[in-house]
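Protein chains: 2
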Amino acid sequence: MSKANLFYAQSGGVTSVINASACGVIETARQNRDKIGKVYAGLNGIVGALNEDLIDTNKESSRSITSLRSTPAGAFGSCRYKLKSFSENQREYQRLMDVFRAHNIRYFLYNGGGDSQDTVNKVSQLSLDMGFPITCIGIPKTVDNDLPITDNCPGFGSVAKYVAVSIREAGLDVASMCESSTKVFVMEVMGRHAGWIAGAAGLASEQAGDAPHIILFPEVPFNQNKFLRKVRSCVNKYGYCAIVVSEGAQNRDGNFLAESGSKDAFGHAQLGGVAPFIANMIKDELGYKYHWAVADYLQRAARHIASKTDVEQAYAVGKAAVEFALKGKNAVMPIIVRGKSKRYTWKIGEAKLADVANVEKMMPRDYITHDGFHITDKAKDYLTPLIQGEDYPAYKNGIPQYARLKKVLEKKKLSKWKP
Amino acid sequence: MSKANLFYAQSGGVTSVINASACGVIETARQNRDKIGKVYAGLNGIVGALNEDLIDTNKESSRSITSLRSTPAGAFGSCRYKLKSFSENQREYQRLMDVFRAHNIRYFLYNGGGDSQDTVNKVSQLSLDMGFPITCIGIPKTVDNDLPITDNCPGFGSVAKYVAVSIREAGLDVASMCESSTKVFVMEVMGRHAGWIAGAAGLASEQAGDAPHIILFPEVPFNQNKFLRKVRSCVNKYGYCAIVVSEGAQNRDGNFLAESGSKDAFGHAQLGGVAPFIANMIKDELGYKYHWAVADYLQRAARHIASKTDVEQAYAVGKAAVEFALKGKNAVMPIIVRGKSKRYTWKIGEAKLADVANVEKMMPRDYITHDGFHITDKAKDYLTPLIQGEDYPAYKNGIPQYARLKKVLEKKKLSKWKP
Numbered sequence: 083m084s085k086a087n088l089f090y091a092q093s094g095g096v097t098s099v100i101n102a103s104a105c106g107v108i109e110t111a112r113q114n115r116d117k118i119g120k121v122y123a124g125l126n127g128i129v130g131a132l133n134e135d136l137i138d139t140n141k142e143s144s145r146s147i148t149s150l151r152s153t154p155a156g157a158f159g160s161c162r163y164k165l166k167s168f169s170e171n172q173r174e175y176q177r178l179m180d181v182f183r184a185h186n187i188r189y190f191l192y193n194g195g196g197d198s199q200d201t202v203n204k205v206s207q208l209s210l211d212m213g214f215p216i217t218c219i220g221i222p223k224t225v226d227n228d229l230p231i232t233d234n235c236p237g238f239g240s241v242a243k244y245v246a247v248s249i250r251e252a253g254l255d256v257a258s259m260c261e262s263s264t265k266v267f268v269m270e271v272m273g274r275h276a277g278w279i280a281g282a283a284g285l286a287s288e289q290a291g292d293a294p295h296i297i298l299f300p301e302v303p304f305n306q307n308k309f310l311r312k313v314r315s316c317v318n319k320y321g322y323c324a325i326v327v328s329e330g331a332q333n334r335d336g337n338f339l340a341e342s343g344s345k346d347a348f349g350h351a352q353l354g355g356v357a358p359f360i361a362n363m364i365k366d367e368l369g370y371k372y373h374w375a376v377a378d379y380l381q382r383a384a385r386h387i388a389s390k391t392d393v394e395q396a397y398a399v400g401k402a403a404v405e406f407a408l409k410g411k412n413a414v415m416p417i418i419v420r421g422k423s424k425r426y427t428w429k430i431g432e433a434k435l436a437d438v439a440n441v442e443k444m445m446p447r448d449y450i451t452h453d454g455f456h457i458t459d460k461a462k463d464y465l466t467p468l469i470q471g472e473d474y475p476a477y478k479n480g481i482p483q484y485a486r487l488k489k490v491l492e493k494k495k496l497s498k499w500k501p
Numbered sequence: 083m084s085k086a087n088l089f090y091a092q093s094g095g096v097t098s099v100i101n102a103s104a105c106g107v108i109e110t111a112r113q114n115r116d117k118i119g120k121v122y123a124g125l126n127g128i129v130g131a132l133n134e135d136l137i138d139t140n141k142e143s144s145r146s147i148t149s150l151r152s153t154p155a156g157a158f159g160s161c162r163y164k165l166k167s168f169s170e171n172q173r174e175y176q177r178l179m180d181v182f183r184a185h186n187i188r189y190f191l192y193n194g195g196g197d198s199q200d201t202v203n204k205v206s207q208l209s210l211d212m213g214f215p216i217t218c219i220g221i222p223k224t225v226d227n228d229l230p231i232t233d234n235c236p237g238f239g240s241v242a243k244y245v246a247v248s249i250r251e252a253g254l255d256v257a258s259m260c261e262s263s264t265k266v267f268v269m270e271v272m273g274r275h276a277g278w279i280a281g282a283a284g285l286a287s288e289q290a291g292d293a294p295h296i297i298l299f300p301e302v303p304f305n306q307n308k309f310l311r312k313v314r315s316c317v318n319k320y321g322y323c324a325i326v327v328s329e330g331a332q333n334r335d336g337n338f339l340a341e342s343g344s345k346d347a348f349g350h351a352q353l354g355g356v357a358p359f360i361a362n363m364i365k366d367e368l369g370y371k372y373h374w375a376v377a378d379y380l381q382r383a384a385r386h387i388a389s390k391t392d393v394e395q396a397y398a399v400g401k402a403a404v405e406f407a408l409k410g411k412n413a414v415m416p417i418i419v420r421g422k423s424k425r426y427t428w429k430i431g432e433a434k435l436a437d438v439a440n441v442e443k444m445m446p447r448d449y450i451t452h453d454g455f456h457i458t459d460k461a462k463d464y465l466t467p468l469i470q471g472e473d474y475p476a477y478k479n480g481i482p483q484y485a486r487l488k489k490v491l492e493k494k495k496l497s498k499w500k501p
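The listed protein sequences correspond, in order, to chains A and B. Residue 83 is where the first sequence starts when you use this note's numbering, and the numbers rise one by one after that. Residue 83 is where the second sequence starts when you use this note's numbering, and the numbers rise one by one after that.
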């Protein structure tokens with residue numbers, strides 16, 4: 083029998099370091115050619131397995147694979163596709179097994195967030211039931227930093243660094259113009275239901291008066307009066323007010339702020355996000371001139387300002403996933419474990435997929451100041467190490483040079499998949 | 083008589099390298115202590131002169147001054163304040179002269195765009211008429227790159243680099259998810275009436291299919307049908323479409339696109355900018371899932387990804403301004419002159435303020451492709467050298483360390499200014 087092959091897929095929203103995990107997987111597998119045959123990557127994630135679109139990564143040069151370490155987004159393509167439960171869609175699991183069997187795939191490494199860890203856990207169980215046991219390992223990834231057990235999630239540190247750097251820079255811009263111009267600046271950041279990214283922007287405020295002055299977390303119900311009072315007090319005190327708002331910020335009823343507005347004259351849902359909503363509220367109620375920014379994908383793709391710590395951890399979990407698989411572990415995920423000493427240290431640990439799947443980790447209340455508008459020193463102690471170090475990509479003609487893969491597909495052996 | 087003092091002020095919208103010009107001014111003045119006494123910087127620009135709020139830069143350590151070279155925004159404060167004509171507001175000019183005379187200021191260096199060059203030119207003429215001749219030198223600055231005569235404007239190269247890097251990164255993000263998720267991404271950029279910044283984003287497209295696929299310039303009237311056809315063709319061809327739109331994009335009647343929409347249910351002018359406007363149009367007409375970003379101040383404050391060429395040129399024009407003043411030149415501005423050879427070279431030249439003031443330089447038509455949606459090779463040849471090189475600031479705790487000045491004000495000698 084030939085050596086078993088490995089299938090790797092990227093899942094869900096991409097990050098600026100998920101390819102560093104891919105790099106860790108592929109380079110480690112290549113160092114173990116005696117045990118692992120080919121490394122296949124799913125074209126556009128798990129959908130690539132269903133469609134039998136298997137990218138043969140052996141066709142990529144080692145230089146290309148190394149450059150994945152400094153390339154943002156999902157080099158093999160990702161997708162938002164959650165396998166249904168076995169009872170709901172048995173055919174899908176059967177197809178997965180057929181593809182794995184047809185290509186002698188015995189290792190399945192799935193790089194994603196909570197949903198994905200649920201999927202890979204299911205596949206692990208079912209592969210046993212179906213008589214074709216697959217070694218299933220999860221690889222953590224999410225900018226939202228909301229996975230449990232692991233100290234932090236690869237992908238988060240870099241977006242955290244981006245938002246902290248950005249609000250520091252934009253804050254200086256506003257500060258220098260506020261006497262005669264813009265007094266309020268609102269920056270919207272990602273994070274879904276968790277305030278980790280918004281909180282990380284708070285790292286920019288090192289001294290009293292530094293931006294950001296106010297952070298709006300999903301974890302703290304929005305109180306308009308209290309918020310407006312705080313904005314006015316900042317403008318009076320510092321001459322301006324720099325605000326970071328999480329896309330997941332909610333009112334007391336649990337509705338997103340940006341959705342609580344109305345429709346425009348065409349009947350469209352409000353065009354803007356929560357940043358223009360907040361900026362406009364301030365203009366209406368306090369009359370301050372404002373500007374706002376929505377970084378959107380710019381923040382999670384910003385490999386040019388990635389955290390070195392994050393890149394190293396992303397690579398390490400990819401590497402560890404292969405090592406776990408070779409050790410015969412199954413249905414587990416490598417995690418980041420923080421050392422107990424004051425100086426930041428980390429090592430790779432291990433969590434059961436069953437414990438990780440479908441659990442969201444929010445900002446603890448003691449990471450948020452009493453008034454709900456900033457982060458505490460405890461939060462800073464947690465967050466600061468995660469944005470340490472710069473890991474600049476290579477530039478040519480003034481622009482970062484990111485990996486351009488060949489993405490050669492393996493020859494198909496099965497009939498076409500009809501979902 | 084004591085040595086003459088120098089007054090330096092920052093004007094208008096700030097950039098990520100205007101402080102590099104300030105650094106060039108102050109360091110060069112300090113090297114000429116035999117001729118120049120104190121360097122005063124206007125607190126919040128020219129308004130600082132009217133209010134007699136003169137920052138004594140001699141009180142700043144040479145280390146602080148050096149760190150200005152890598153600090154974004156206006157370290158002394160800037161303002162949007164245009165002096166009226168002499169006939170309209172004689173008192174203002176009289177006050178300026180009074181302050182200059184009271185503090186023995188014989189050099190006035192004004193760091194700004196077209197409006198500011200007009201102001202400094204007027205001051206030069208009037209100071210002669212008023213019997214207190216001031217040596218007046220303009221220092222070019224604008225992210226919009228719309229000053230005439232100079233090959234390019236300090237401030238532009240860095241925002242150009244930021245938008246090119248950002249659309250490359252966000253483009254990869256969209257590309258990796260487009261099979262099952264977002265198909266259209268719209269990034270709004272600055273530039274007012276000129277498409278230079280939008281055009282610079284085009285540098286990210288090095289190979290066929292690279293983002294951005296479409297650029298909307300202020301110089302090309304928006305044609306909705308043609309645009310939507312192009313969007314659909316990109317999605318069909320590449321799987322997604324990355325669009326860069328200038329805030330100054332206009333329809334055939336010369337109205338800004340973002341203003342041509344309607345008001346929302348509260349009667350507010352539309353909250354979003356032109357990016358959400360375009361994104362929503364695409365959703366309505368073509369049904370594609372979209373995301374959009376508005377970088378706003380993030381782009382012009384992004385010192386973390388400044389162009390090395392831009393930083394060097396910004397410093398050089400500051401330095402040259404002092405040298406011009408010491409050579410007895412007046413009512414001129416140092417400019418960037420591009421060498422004729424294929425390899426990019428530049429040197430400092432000189433322009434009369436009268437020729438620079440109040441003239442806007444747009445993108446030439448032959449810098450824009452025939453279909454109006456991208457830049458030509460000629461544009462790339464012009465733009466590429468301007469984003470060359472990286473000039474990273476120093477980091478501490480994962481965050482760039484920018485100058486923190488003491489900003490000690492000189493003791494006032496005059497009565498309070500009443501505008």
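What the hints contain is simulated information worked out from the structure, not anything from laboratory work. Any given hint might turn out to be false.
[Stated by the list, open to error] A few chain A positions that, by computed beta-carbon distances, are all more than 12 Å from chain B:
hint	residue
1	P154
2	A246
3	D255
4	A257
5	S258
6	M259
7	M269
8	P358
9	D378
10	L380
11	I387
12	K462
13	I469
14	Y484
15	R486
16	K493
[As the list claims (entries may be wrong)] Calculated pairs, EDC-like style, for lysine to aspartate or glutamate (alpha carbon to alpha carbon, straight line, at most 16 Å):
hint	chain 1	residue 1	chain 2	residue 2
17	A	K478	B	E261
18	A	K164	B	E261
19	A	K312	B	E261
20	B	K478	A	D473
Quick caveat, the model's predicted, so the values are computed rather than measured. Glycine included, C-beta positions come from ideal geometry on N, C-alpha and C.
Could you check that no beta carbon of chain B comes within 12 Å of the beta carbon of A:K462?
-> violated, 9 Å
Taking C-beta pairs only, is A:I387 more than 12 Å away from all of chain B?
-> The assertion about A:I387 is violated, with a minimum of 6 Å to chain B.
Take the C-alpha atoms of B:K478 and A:D473, compute the straight-line distance between them, and say whether it is at most 16 Å.
-> holds, 14 Å
Between A:K478 and B:E261, is the straight-line Cα distance small enough, at 16 Å or below?
-> Outside the cut-off at roughly 29 Å; violated.
Closest CB-CB distance from A:I469 to chain B, is it above 12 Å?
-> Violated: least Cβ distance 3 Å, not greater than 12 Å.
A:K493 non-interfacial with respect to chain B [C-beta, more than 12 Å] = holds, 21 Å
Run the C-beta distances from A:A257 to all of chain B and say if the shortest one exceeds 12 Å.
-> violated, 7 Å
Any Cβ of chain B at or closer than 12 Å to A:R486, or is the non-interface label fine?
-> violated, 8 Å
Could you let me know if the closest chain B CB is still more than 12 Å away from the CB of A:S258?
-> violated, 3 Å
Distal placement of A:Y484 relative to chain B, Cβ over 12 Å = The claim breaks: A:Y484 does not keep its Cβ more than 12 Å from every Cβ of chain B (closest is about 6 Å).
Taking the shortest Cβ-to-Cβ distance between A:P154 and chain B, state whether it exceeds 12 Å.
-> The claim breaks: A:P154 does not keep its Cβ more than 12 Å from every Cβ of chain B (closest is about 5 Å).
Assertion that A:P358 lies farther than 12 Å from chain B (Cβ) = Nearest chain B Cβ is 4 Å from A:P358, so the label is violated.
Of the numbered hints given earlier, the model fails hints 1, 2, 3, 4, 5, 6, 7, 8, 9, 10, 11, 12, 13, 14, 15, 17 and 19; all others are met.
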